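S.K.: Following the hints, position chain S against chain B.
Chains B and S supply the protein sequences, listed in that same order.
Here the first sequence stands for residues 1 to 308, numbered as in the UniProt record's numbering.
Here the second sequence stands for residues 1 to 308, numbered as in the UniProt record's numbering.
Simulated from the structure, these hints should not be mistaken for laboratory data.
Any given hint could turn out to be false.
To be verified - To give a feel for the contact side, a few chain B residues facing chain S, derived at Cβ under 8 Å:
| id | residue |
| --- | --- |
| 1 | E41 |
| 2 | L43 |
| 3 | L120 |
| 4 | N142 |
| 5 | M216 |
| 6 | G220 |
| 7 | A228 |
| 8 | G240 |
| 9 | I241 |
| 10 | G249 |
| 11 | E253 |
Claimed, not checked - Listed next, the stretches of chain B that the computed footprint assigns to chain S, with coverage defined by at least 3 CB atoms under 8 Å from CB atoms of chain S:
| id | stretch |
| --- | --- |
| 12 | 107–114 |
| 13 | 257–265 |
If you're wondering where the values come from, they're calculated on a predicted model, not measured in any experiment.
Cβ atoms here follow ideal geometry from the backbone N, Cα and C, with glycine treated the same way.
Protein chains: 2
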Amino acid sequence: MTADLDHLPITILGAGLIGIGWAALFAHHGARVTLWDPQPETLKTAPDRLAKPRADLTELDGHGPRGDIHFVSDIAAALREPALIQENAPESIPVKHALYAEIETLAPPEAILASSTSSLTWDDLAPGLTDPQRLITAHPFNPPHLVPLVELYGPDPARLDRAEALYRAAGRVPVRLNIPATGHIANRLASALWREAVHIVAEGIADVEAVDRALMHGPGLRWSVLGAHMAYHLGGGAGGIAGYLDHLGPSQERRWQDLGTPRLSPEIKDTLIAGVATACAGRDIATLEAERDAALIALLRARAKPQT
Amino acid sequence: MTADLDHLPITILGAGLIGIGWAALFAHHGARVTLWDPQPETLKTAPDRLAKPRADLTELDGHGPRGDIHFVSDIAAALREPALIQENAPESIPVKHALYAEIETLAPPEAILASSTSSLTWDDLAPGLTDPQRLITAHPFNPPHLVPLVELYGPDPARLDRAEALYRAAGRVPVRLNIPATGHIANRLASALWREAVHIVAEGIADVEAVDRALMHGPGLRWSVLGAHMAYHLGGGAGGIAGYLDHLGPSQERRWQDLGTPRLSPEIKDTLIAGVATACAGRDIATLEAERDAALIALLRARAKPQT
Numbered sequence: 001m002t003a004d005l006d007h008l009p010i011t012i013l014g015a016g017l018i019g020i021g022w023a024a025l026f027a028h029h030g031a032r033v034t035l036w037d038p039q040p041e042t043l044k045t046a047p048d049r050l051a052k053p054r055a056d057l058t059e060l061d062g063h064g065p066r067g068d069i070h071f072v073s074d075i076a077a078a079l080r081e082p083a084l085i086q087e088n089a090p091e092s093i094p095v096k097h098a099l100y101a102e103i104e105t106l107a108p109p110e111a112i113l114a115s116s117t118s119s120l121t122w123d124d125l126a127p128g129l130t131d132p133q134r135l136i137t138a139h140p141f142n143p144p145h146l147v148p149l150v151e152l153y154g155p156d157p158a159r160l161d162r163a164e165a166l167y168r169a170a171g172r173v174p175v176r177l178n179i180p181a182t183g184h185i186a187n188r189l190a191s192a193l194w195r196e197a198v199h200i201v202a203e204g205i206a207d208v209e210a211v212d213r214a215l216m217h218g219p220g221l222r223w224s225v226l227g228a229h230m231a232y233h234l235g236g237g238a239g240g241i242a243g244y245l246d247h248l249g250p251s252q253e254r255r256w257q258d259l260g261t262p263r264l265s266p267e268i269k270d271t272l273i274a275g276v277a278t279a280c281a282g283r284d285i286a287t288l289e290a291e292r293d294a295a296l297i298a299l300l301r302a303r304a305k306p307q308t
Numbered sequence: 001m002t003a004d005l006d007h008l009p010i011t012i013l014g015a016g017l018i019g020i021g022w023a024a025l026f027a028h029h030g031a032r033v034t035l036w037d038p039q040p041e042t043l044k045t046a047p048d049r050l051a052k053p054r055a056d057l058t059e060l061d062g063h064g065p066r067g068d069i070h071f072v073s074d075i076a077a078a079l080r081e082p083a084l085i086q087e088n089a090p091e092s093i094p095v096k097h098a099l100y101a102e103i104e105t106l107a108p109p110e111a112i113l114a115s116s117t118s119s120l121t122w123d124d125l126a127p128g129l130t131d132p133q134r135l136i137t138a139h140p141f142n143p144p145h146l147v148p149l150v151e152l153y154g155p156d157p158a159r160l161d162r163a164e165a166l167y168r169a170a171g172r173v174p175v176r177l178n179i180p181a182t183g184h185i186a187n188r189l190a191s192a193l194w195r196e197a198v199h200i201v202a203e204g205i206a207d208v209e210a211v212d213r214a215l216m217h218g219p220g221l222r223w224s225v226l227g228a229h230m231a232y233h234l235g236g237g238a239g240g241i242a243g244y245l246d247h248l249g250p251s252q253e254r255r256w257q258d259l260g261t262p263r264l265s266p267e268i269k270d271t272l273i274a275g276v277a278t279a280c281a282g283r284d285i286a287t288l289e290a291e292r293d294a295a296l297i298a299l300l301r302a303r304a305k306p307q308t
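Chain B extracted, bound-state conformation (with noise of 0.2 Å):
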């Protein structure tokens, strides 16, 4: 399935960080977006945060946006027409409810609801409806305008099926989860990758910087271009992800066992908080963000060149 976003209404729920992200990505590919947020300072506020993610899309694809944004402070305005709802409110599982009760109130029946969600469920959220099979998540990773990944769960697979094809028209991935998780896939990943990382600098194995450069310039390079699970099946030789299971299974399973179970005591956190101020270097959060940013375009432009 294809979908066109041009003109098509969309309406972003909440205009924080996640909010901006999305409105930005959809105006970009031509949608008609409508941005709601029930705070008037945070609406006020909306355009000049949505300067940098439309500047990052502009130098990343070389045009403009082809859409446009409406801020609105009226729900029922918002949730006229909207072929998607975006919604980005706080994590927090009564706010939600609350609104998807107005949601079902006042939007087309038709409507796909999407959360934003990282920490909470679609167990979690779909009891604040009437009609469940509305709701799916669709969790983006930060920032949402420039990392592809969209996590997808949802109960009717045609409603799947229509959301996907507009993700990929905004130039997401979408990836299908088949249960729910909490953390969903990618955050599931991060938060072992982080256990062991704090891990190695508890036990003085490394510091902050250097695990961070390790990733950097090694695995997470790697993980950019070749998923964990084919990475073993590229180490097994010529017998492949079997070969290494029969061969290296064992070995992997030992390494699992001398992996570390850290708590984030005091101490751990004095220890991580001085580690990443040496990182730092003096920048600011808003110059690694910026550096991240132009890092990530450039990266996003070399994929998107056809390989020869």
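M.R.: Structure of chain S alone, referenced to chain B:
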């Protein structure tokens, strides 16, 4: 400290996959490489197996090899004058210890003896030498001619400084461990991530291909430009890592509790093998490696460009 590889004698012990990668890399950057292997057949096929890494490096940097490679079956000749000995013997302590006894007899004492060992540590290897100060571990990440990371450990800071300068001159990113650890840094992180990747498949949350796609287009991509610790610094809002640890540390610890501890049972192995086969979509290992390397070259070229 900086180093010039031009005409520098470097000896590579072992002409398997890793040794071939090192030989191509150092010769590309100007060294006079001696490649030794005890198996005549391995040495005989080495020139053919060097063709691909050499072509990759030419494509990456836009120039051909600036040094050369000599194929030597006599270990005394191979060890006569190297500044660096990169050892890639099988991952067996007795095999490496026996080789180290020859090195100590035949090589100049000031030569750096660097082991590429992946699964052993400096503590395992040092008893093979009467002067263990000679030895460092210098673990590359596959494919070693393209992935920049080299993980270093050794007890002699001056020797480590010299080694770092040589690896940097070959375009590598050296990272130092403070104490030896099984799996160094990168394979500990990779092992921790893969454990959860296996758990996600084992629990039916998502299939092999979905997990790999989520990694490549989400955290993997981001980790190639931003380390795991720094990612939480940027995820903490204005408060940085300290704010993150205060506000979200407890939920991160809860998530750690929720991560899996799978076994590589026959059933899981079959699921992984079948999932990888689906993800391969008929591509054989050589094709997958060629795709991986082409993608790595494109990313490394994008990284090398100065950011505007």
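S.K.: Which of the listed hints are not met by the structure?
M.R.: Hints 1, 2, 3 and 12 contradicted; others consistent.
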